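Chemist: Respectively, the protein sequence lines represent chains A and B. My numbering puts the first sequence at residues 672 to 1020. My numbering puts the second sequence at residues 19 to 350.
Think of the hints as simulated: they come from the structure by calculation, not from any bench. This one's a predicted model, so the numbers in the text were calculated from it and none came from an experiment. Check each hint, because a few of them may be wrong.
[Unchecked claim] Derived lysine to aspartate or glutamate pairs resembling EDC-like cross-links, with alpha carbons at most 20 Å apart: (1) A:LYS869 with B:GLU47; (2) B:LYS65 with A:GLU818; (3) A:LYS769 with A:ASP933.
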Amino acid sequence: MHPASSSPDSATLSPQELSIHLRTMLLIRRFEERLDELFASGVIKGTSHLYAGQEAVATGVCSLLSHDDYITSTHRGHGHFLAKGGSAPALMAELFGKATGPSKGRGGSQHVADYAVGFLGSNGITAGGLPIATGAALAVQMRQQRETGNGKRETGNTNPRLPTSIPQQTACVASFFGEGGANQGTFHESLNMAAVWKLPILFICENNLYAMSTRLDEASSGPTIAARAAGYGIQGAVVDGTDFFAVRAAVEKAVERARCGDGPTLLEMHTYRYYGHSKSDKREYRTRAEEDDWRTRDCIEKLCAAIGLEAADFEAMDAEVMREVDEAVAFAQSSAEPEVEDWESVIYA
Amino acid sequence: MREIYYSWALREAMAEEMERDPNVFVLGEDIAEYGGAFKVTQGLVEKFGRARVRNTPISENTICGVGVGAAIVGMRPIVDIMFQDFITLAMDQIVNHAAKFHYMYGGQCRVPVVFRTPAGGGRCYGPTHSQSLEAWFMHVPGLKVVAPATAYDAKGLLKSAIRDDNPVIFVESKLLYGIKGQVPEPDADGGDYTVPIGEAKVTREGEHLTIIAYSRMTGEAERAADALAQNGITCDVVDLRTLAPLDADTIAASVEKTGRALIVCEDCKTAGVSAEIMARVTEECFDFLQAPPRRVAAADTPVPCADTLEKAALPDAQNIIDAATALIQQYS
Ligand SMILES: Cc1ncc(C[n+]2csc(CCOP(=O)(O)OP(=O)(O)O)c2C)c(N)n1
Chain A
672 MHPASSSPDS ATLSPQELSI HLRTMLLIRR FEERLDELFA SGVIKGTSHL YAGQEAVATG
732 VCSLLSHDDY ITSTHRGHGH FLAKGGSAPA LMAELFGKAT GPSKGRGGSQ HVADYAVGFL
792 GSNGITAGGL PIATGAALAV QMRQQRETGN GKRETGNTNP RLPTSIPQQT ACVASFFGEG
852 GANQGTFHES LNMAAVWKLP ILFICENNLY AMSTRLDEAS SGPTIAARAA GYGIQGAVVD
912 GTDFFAVRAA VEKAVERARC GDGPTLLEMH TYRYYGHSKS DKREYRTRAE EDDWRTRDCI
972 EKLCAAIGLE AADFEAMDAE VMREVDEAVA FAQSSAEPEV EDWESVIYA
Chain B
19 MREIYYSWAL REAMAEEMER DPNVFVLGED IAEYGGAFKV TQGLVEKFGR ARVRNTPISE
79 NTICGVGVGA AIVGMRPIVD IMFQDFITLA MDQIVNHAAK FHYMYGGQCR VPVVFRTPAG
139 GGRCYGPTHS QSLEAWFMHV PGLKVVAPAT AYDAKGLLKS AIRDDNPVIF VESKLLYGIK
199 GQVPEPDADG GDYTVPIGEA KVTREGEHLT IIAYSRMTGE AERAADALAQ NGITCDVVDL
259 RTLAPLDADT IAASVEKTGR ALIVCEDCKT AGVSAEIMAR VTEECFDFLQ APPRRVAAAD
319 TPVPCADTLE KAALPDAQNI IDAATALIQQ YS
């Protein structure tokens, strides 16, 4: 259990703010649980990579970002989408392949974006988002330098899921990827380039131990992923990704560095995905005992305990979240199928 | 009008667009003070500074991805890939990201990025510095592919590419960089011209044969056409200028008029640009054809280094003359 007193953040965040973040985590959890059922029963076609278990990472990171800040995501992107402020019904509609999805059914689970909230897209290419995020960070830096001469600016927070106005000097970018993705060339190229140019960016490695079936130590050399930061001369840290407050504390410092022009940070969040890699995965590469062990450190339970939430209050919140998921499914089900378009007229902008 | 090098025309296009739009910037390896491997960007850094004429590490995939990432949030990057051969390292960011974002994110974003890159052989650079890979990009929906043959078109098309809201693969020719052509003075009447993407141009008119070419092969085709005219064979030369989207109408109009088509491309024959043009001509102009369409293309080999071997592998005006003469003799 995370003792509430050990976190300076539990003091700085108001009870209302804490409750908003907890609710986001719960929404992601219930959304993914429902998806698992919908895929298993064949209501939704295709495949999906569920984020359940990792909620504290997306929520903790995005709780410190506004809509003016950008994130790039991965194949396991529903949590990032919701935490950044994307709409649950719209996401569900995309998964149902409906015209009302943000990608109009063309993208599906791995290719969904919401530019209005700064979510630049989930990505079916492992670690494909890192160069994109680096480019967005370069754009932010270039515009800042052009406008102010020194790269600083004040903006308000516009994320509806976030209660307070976050004062910020310059926009920043967070790029999510897995520990498996950290072995792609884009990881090296992007961290190096972002470090050379001191870009306002956070590289968030969600280390959930397995890349499909491949365990971390089978594919990655070196003590930790975060240790690689030293090779680029940037800050890196290993963070308990099941602890919302630990995530926030690390991200807060990294965001500060980014906004102040001190360049990128690499954060390695230790976390665990509760479901298999994708729909058909029987999880034969890991033990049930290991899974049970990680569940004793469940990020939602820890946050509930840390803020001392009463069982009745939790149940009320849960019922509300479940209703939201029901409504998302209803919206998706009642939405129209996409029209078959004249391909040539839609492939170009 | 004045005569300027193809490479200067490209530089002028970039400078004018950077002047016009603060969101335009150039990034690539050794493009700042060094001016790029072929000196195309020479002088730009002095004018626009190192933020907008940005040297990068040697990381082609991420250079292209950074271009895409900057483009989707409002910039208009021009990515400089030193040799087209090196674009193979960036296939993921170009094919899976640049080409797809607009479509797959439901039209939420635009990807106004230009990937400039010199293709082709003729300089004895050998197998990894001489390829013509543009057919690969024609195959990917969402990309535009442009390949100018003259200084005038190089400038006008590059300006159009920079203003376009889609990713454009801008294929330059190493051998054309040092060729001069007529380009209006920037401040003269019509000096701020652009050449529209997607429009081919008939550069020679004749009645017996249509020669279809692009980039450096357009000049070879024109030289061949001039020589053939001496022997009474007159040709239309269609300079494609844009490979995607292809100007099928201009091709068809010419082939329907002449009844014969010879397609000339510097890339390898198998599954190359010429294969696609051949298929279109066959599908769309079959009833007008008086002879089977023919191709003159590079041999299906890595481009060899030694001058003798390279000359043997790549098409030239003489190959075109021979193929045209044989075609006319066989089907007249
Ligand atoms: C370029 C590429 N290679 C392989 C895959 C197949 N694939 C999808 S997810 C995945 C594992 C990724 O692991 P990690 O980055 O750790 O993320 P996690 O699934 O654990 O969230 C693999 C191999 C892919 N989508 N893209």
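Chemist: Given the hinted pair LYS769 (chain A) and ASP933 (chain A), is their Cα-Cα distance within 20 Å?
Modeler: Violated: LYS769 (chain A) and ASP933 (chain A) sit about 43 Å apart, past 20 Å.
Chemist: Does the alpha-carbon distance linking LYS65 (chain B) and GLU818 (chain A) stay inside the 20 Å limit?
Modeler: holds, 19 Å
Chemist: When you check the alpha-carbon spacing of LYS869 (chain A) and GLU47 (chain B), does it fall within 20 Å?
Modeler: holds, 18 Å
Violated hint for the displayed structure: number 3, the only one.
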